[in-house]
Amino acid sequence: MSEPVTELLRFATAGSVDDGKSTLIGRLLCDTKSIFEDQLAAVERTSKQRGDEYVNLALLTDGLRAEREQGITIDVAYRYFATPKRKFIIADTPGHIQYTRNMVTGASTADLALVLIDARKGILEQSRRHAFLASLLRIPHMVLCVNKMDLVGYSQEVFENIKQEFREFARKLEVADLTFIPISALNGDNVVDRSKNMPWYEGTSLLHHLEEVHIASDRNLIDARFPVQYVVRPISGAHHDFRGYAGTVAGGMFKPGDSVVVLPSGFESRVRSIETFDGARDQAVPSDSVVITLEDEIDVSRGDMICRPHNRPTVGQDIEAMVCWLGDHTKLAAGNKYAIKHTTKWARAIVNDVRYRLDINSLHRDESADTLSLNEIGRIKLRTTAPLLYDEYRRNRTTGSFLLVDEATNNTVAAGMIL
Amino acid sequence: MNQASFTHLRALESESVHIIREVAAEFDRPVLLFSGGKDSIVMLRLAEKAFWPAKLPFPLMHVDTGHNFPEVLDYRDRRVAEIGARLVVVSVQDSIDAGRVAEEKGPRASRNRLQTTTLLDGITEHGFDAVFGGARRDEEKARAKERVFSFRDEFGQWDPKNQRPELWSLYNGRHQKGEHIRVFPLSNWTELDIWQYIAQENIEIPSIYFSHQRDVFKRDGMWLSTSPFITQMENEHAVPMTVRYRTVGDMSCTGAVESAAATLDEIISEVAASRITERGATRADDRASETAMEDRKRQGYF
Numbered sequence: 001m002s003e004p005v006t007e008l009l010r011f012a013t014a015g016s017v018d019d020g021k022s023t024l025i026g027r028l029l030c031d032t033k034s035i036f037e038d039q040l041a042a043v044e045r046t047s048k049q050r051g052d053e054y055v056n057l058a059l060l061t062d063g064l065r066a067e068r069e070q071g072i073t074i075d076v077a078y079r080y081f082a083t084p085k086r087k088f089i090i091a092d093t094p095g096h097i098q099y100t101r102n103m104v105t106g107a108s109t110a111d112l113a114l115v116l117i118d119a120r121k122g123i124l125e126q127s128r129r130h131a132f133l134a135s136l137l138r139i140p141h142m143v144l145c146v147n148k149m150d151l152v153g154y155s156q157e158v159f160e161n162i163k164q165e166f167r168e169f170a171r172k173l174e175v176a177d178l179t180f181i182p183i184s185a186l187n188g189d190n191v192v193d194r195s196k197n198m199p200w201y202e203g204t205s206l207l208h209h210l211e212e213v214h215i216a217s218d219r220n221l222i223d224a225r226f227p228v229q230y231v232v233r234p235i236s237g238a239h240h241d242f243r244g245y246a247g248t249v250a251g252g253m254f255k256p257g258d259s260v261v262v263l264p265s266g267f268e269s270r271v272r273s274i275e276t277f278d279g280a281r282d283q284a285v286p287s288d289s290v291v292i293t294l295e296d297e298i299d300v301s302r303g304d305m306i307c308r309p310h311n312r313p314t315v316g317q318d319i320e321a322m323v324c325w326l327g328d329h330t331k332l333a334a335g336n337k338y339a340i341k342h343t344t345k346w347a348r349a350i351v352n353d354v355r356y357r358l359d360i361n362s363l364h365r366d367e368s369a370d371t372l373s374l375n376e377i378g379r380i381k382l383r384t385t386a387p388l389l390y391d392e393y394r395r396n397r398t399t400g401s402f403l404l405v406d407e408a409t410n411n412t413v414a415a416g417m418i419l
Numbered sequence: 001m002n003q004a005s006f007t008h009l010r011a012l013e014s015e016s017v018h019i020i021r022e023v024a025a026e027f028d029r030p031v032l033l034f035s036g037g038k039d040s041i042v043m044l045r046l047a048e049k050a051f052w053p054a055k056l057p058f059p060l061m062h063v064d065t066g067h068n069f070p071e072v073l074d075y076r077d078r079r080v081a082e083i084g085a086r087l088v089v090v091s092v093q094d095s096i097d098a099g100r101v102a103e104e105k106g107p108r109a110s111r112n113r114l115q116t117t118t119l120l121d122g123i124t125e126h127g128f129d130a131v132f133g134g135a136r137r138d139e140e141k142a143r144a145k146e147r148v149f150s151f152r153d154e155f156g157q158w159d160p161k162n163q164r165p166e167l168w169s170l171y172n173g174r175h176q177k178g179e180h181i182r183v184f185p186l187s188n189w190t191e192l193d194i195w196q197y198i199a200q201e202n203i204e205i206p207s208i209y210f211s212h213q214r215d216v217f218k219r220d221g222m223w224l225s226t227s228p229f230i231t232q233m234e235n236e237h238a239v240p241m242t243v244r245y246r247t248v249g250d251m252s253c254t255g256a257v258e259s260a261a262a263t264l265d266e267i268i269s270e271v272a273a274s275r276i277t278e279r280g281a282t283r284a285d286d287r288a289s290e291t292a293m294e295d296r297k298r299q300g301y302f
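Protein chains in written order, with my numbering: chain A, 1 to 419; chain B, 1 to 302.
Wrong hints could be hidden among the right ones.
Computed list of lysine-lysine pairs in DSS-like fashion (alpha-carbon distance at most 27 Å, straight line) [unchecked claim]: (1) Lys177/B - Lys345/A; (2) Lys337/A - Lys161/B; (3) Lys161/B - Lys48/A; (4) Lys337/A - Lys177/B; (5) Lys255/A - Lys33/A; (6) Lys345/A - Lys331/A; (7) Lys177/B - Lys255/A; (8) Lys345/A - Lys218/B; (9) Lys255/A - Lys49/B; (10) Lys161/B - Lys331/A; (11) Lys55/B - Lys345/A.
Simulated coverage check for chain A against chain B, where a stretch passes if three residues somewhere in it have a Cβ under 8 Å from a Cβ of chain B [what the hints assert, rightly or not]: (12) 34 to 46; (13) 82 to 89; (14) 189 to 200; (15) 254 to 260; (16) 404 to 418.
By construction, these hints were calculated from the structure, which means they are not laboratory data. C-beta: ideal position from N, C-alpha, C; glycine also.
Could you put the whole structure together from the sequences, leaning on the hints where they help?
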């Protein structure tokens, strides 16, 4: 049989039931035959028992007892569907509870953000918040779906006004690729097929856009970065002299013969080979998990980074970053110490300063703030016990991101993006 | 540009390999749960890939209910020998003999629930601090919300309302002594992905996944195989049928599906066209209640 050639696209959705988000996702899943009969029957049964007026598709993944009892979504839900062109992973984030924490989590790995707007209500505070977080997390593509077009008479004017207003707002954000699609999730207009009700709309349907949006060039193919994850040293006769560095390419390309430098030691060598279980490769690109062998025997261990001699990450212990605080019962404040995980390296970090807290609705910077609590975002200054090998998050989402972990509870308490 | 590197299976494989290596690098005593079922077979192949040309830096563990399909046990031992791995078997029968758990009574008796105690005892006895499981988020709604690195307290319990946020490809496996982390490298795989991968990699799987003749009887809408481990009730008459298994578990609670799919390509076509989830079609253990899986998982189940 032929090897499947479908690509993988991860996208994040945000919003509440009122926006028609569940209806939209439900329609994408139903129309791509990704909901199974037993799942649908179980949802219908539960909806009926609870006296819901319509079949609540949120129940498909609101599988936790507390969620079903309270009728709310607590956590990010991952849903999967596929078309012959692509496999999709949806990180579906709830609209109200722990909104920021969930949205940031879902957005961290997304290629595309889907923001829903109710055509009758226009751009609300919530829509701005979604868009801001998507841009903060550097999701390369954003689709603004203006939903419930059927309730505004499929009016081009309504759509154009919302589009205009959003473009105005988005100018303050950095959104690389912004697309607007007028839809009716309930009636299926422009969801899978182009709608006959909006002949003035010249773009494609949502599903078509999701299938076609060009994501291959989102990856940073310039800055070669290979955080060493694990040293492979077989203790066997056949591979007696083998010493390889396992990891996932975090940027750029690696090829046999490339001259490289290992940081922080600064030793230089050349790539001898790029090895995998399936044989040697002639190159490795971002997201490839491979094993790199070098021409010279030098000391390399986990936490080191292999890169090119003339294109190195910043090496430093003083970090300026935007962080989103995720801790439930604690606050971030100057003087606090945490464990920090950055690429494949753990260190400790002390907060030197809280520069400001950002109001994610108005984008106002409160410079008098000296703490960050749950769901708050701000700019901080950190000093780490060991040098980190990093790039700006805007340049590289892998080498520019980190976690802070509470050393007493071992909980993950902050997501950081290096400036 | 090498087009092959953009296929979704390559992307899923890379993500899983990354996860497996993180665990090997950061934990003292990982173990990989291996039942001989298709998901653990794929997980084992991914682990081989993660460390090649070195051998697996951790052992495998099988929680043996004693109610196994003989074809699967046979496969397990062959595969383990082939890759030269160390296999730890912990047995529900031993837990029963030691008085740790009591056998359920009646025709619907199953050792499914009892496995949790055996599993947790095994983890404690061997001091495992990371346990790889083959669970996928698409297979069950409680699993849809579980993290890739899923924390377990000193009682082996999962607290779904208090999970660590998980961002980017940065995993937090920190824990105190006595606690452990369940790790699910296949979280983002679907049933169809698993089958496509098995076909692409040409991995051998136990014969019962393919269509075969078997004496089965109907219970609660499911075809169960006759076996020494299950008592047929009066009106449950066995008939010979052409079936295959979509999932492989304890013989007493895993149902067969009617199927003529005798090759991997035929299985893939069947799975792609299937309108019922694999657990819905074949698992009595999930039918106990709406939240049966969550309830078992909270106590430490797979």
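query = When the hints from earlier in the document are held up against this structure, which numbers fail?
reply = Going through the list in order, the structure violates hints 5, 7, 8, 14 and 15 and respects the others.
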